[in-house]
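Colleague: As a plain string of letters, each chain reads:
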Amino acid sequence: MMDVGPFEILISALLVIGGVFALVGSWGLTRMPSLMTRLHGPTKVTTLGVGSLLVASMIFFPAIQGTYSAHELLITLFLFLTAPISANMIAKAHLHRQGRQIDPNPMDHIAEGLPETGLGTGWATFEGLDTDQLNIPR
Amino acid sequence: MIGIAVLFAISCVGLAMSMNLWRLARGPTTADRILALDTLTINAIALIVLMQIQQGSAVYFEAALLLAMVGFVGTVAYCKFLLRGDIVE
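If you read the sequences in order, they're chains A and B.
Note that our numbering has the first sequence beginning at 127, numbered continuously upward.
Note that our numbering has the second sequence beginning at 3, numbered continuously upward.
Extracted from the complex, chain A is given alone in its bound form (with noise of 0.2 Å):
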């Protein structure tokens, strides 16, 4: 029996559950129907599936290696500020193209109208556009 430290089973329970959660994002992003169901595994899971990643790394260079670098910390921070922007941009590049009828799929429900913003005004992307040349209705 090899002699197995507190660190190497975190490490090491850190990675796999990583590994499991970036299989589990493109699994997803293969799978779902629609691009807005799409969006979600990529974000959420492979982010926090790299995020753990990166905390196994955080441990294994101190704790293993006896190194220290702050790098890892800072490529965490970017990708959790960055997913959701990305995201953001994506769906709203999606809607445009919907809205103008390039490459609709009918799985994205688009065509039968946005849900009311509650706010007595329409959506904020579509603002100062000439929405009687899209084809969401509103």
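For the record, the hints were derived by calculation from the structure and aren't laboratory data.
Glycine is no exception: its CB is placed at the ideal position from the N, C-alpha and C atoms.
Among the clues, some could well be false.
Stated by the list, open to error - Now the in silico label distances, taken between C-beta atoms and shown as ranges:
(1) A:Ala250 - B:Pro30: 22 to 30 Å
(2) A:Thr193 - B:Glu91: 42 to 50 Å
(3) B:Met53 - A:Glu253: 31 to 39 Å
(4) B:Leu9 - A:Thr247: 49 to 57 Å
(5) B:Ala27 - A:Pro132: 41 to 49 Å
(6) A:Pro159 - B:Ala65: 34 to 42 Å
(7) B:Gly87 - A:Gly246: 25 to 33 Å
(8) A:Ala250 - B:Glu64: 34 to 42 Å
(9) A:Pro188 - B:Ile89: 21 to 29 Å
(10) A:Phe133 - B:Leu68: 44 to 52 Å
Position chain B relative to chain A; hints supplied.
Modeller: For chain B alone, kept in the frame of chain A given last:
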């Protein structure tokens, strides 16, 4: 123990990247392809981190950091191009 866990995680991330490639090739919409590229970048960062743990060297962190930044800027540029037909107006 860590070696086995790293190998498992590398195979998981590799399988995930092949799934992303399938979505990148299949589409069907352009936004799907942008999303697949974004996920590929994030998985590449994961692969770099795993490779460093396997080799026990911290040489490639700058590469991972650069991939994170350039991947985000690339995604935003693609989306901006789809939205406006131009990137810097």
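Colleague: If a hint holds in the structure, say so; if it doesn't, say that too.
Modeller: Hint check results:
1. For the hinted restraint 22 to 30 Å between Ala250 of chain A and Pro30 of chain B, the CB-CB distance of approximately 27 Å keeps it satisfied.
2. A hinted range of 42 to 50 Å holds for the C-beta pair Thr193 of chain A and Glu91 of chain B, which are about 46 Å apart.
3. Checked against the given bound of 31 to 39 Å, the beta carbons of Met53 of chain B and Glu253 of chain A, roughly 46 Å apart, lie outside it.
4. Remark: the range hint 49 to 57 Å for Leu9 of chain B to Thr247 of chain A is upheld by a beta-carbon distance near 54 Å.
5. A hinted range of 41 to 49 Å for the beta carbons of Ala27 of chain B and Pro132 of chain A is consistent with their spacing of about 44 Å.
6. Under the hint 34 to 42 Å, the C-beta atoms of Pro159 of chain A and Ala65 of chain B, about 35 Å apart, fit the expected range.
7. Checked against the hint of 25 to 33 Å, the pair Gly87 of chain B and Gly246 of chain A passes, with Cβ atoms roughly 31 Å apart.
8. For Ala250 of chain A and Glu64 of chain B, the hinted distance range of 34 to 42 Å is satisfied, since their beta carbons lie about 38 Å from each other.
9. Range check, Pro188 of chain A to Ile89 of chain B: about 41 Å between beta-carbon atoms, so the 21 to 29 Å window is missed.
10. Under the hint 44 to 52 Å, the C-beta atoms of Phe133 of chain A and Leu68 of chain B, about 29 Å apart, miss the expected range.
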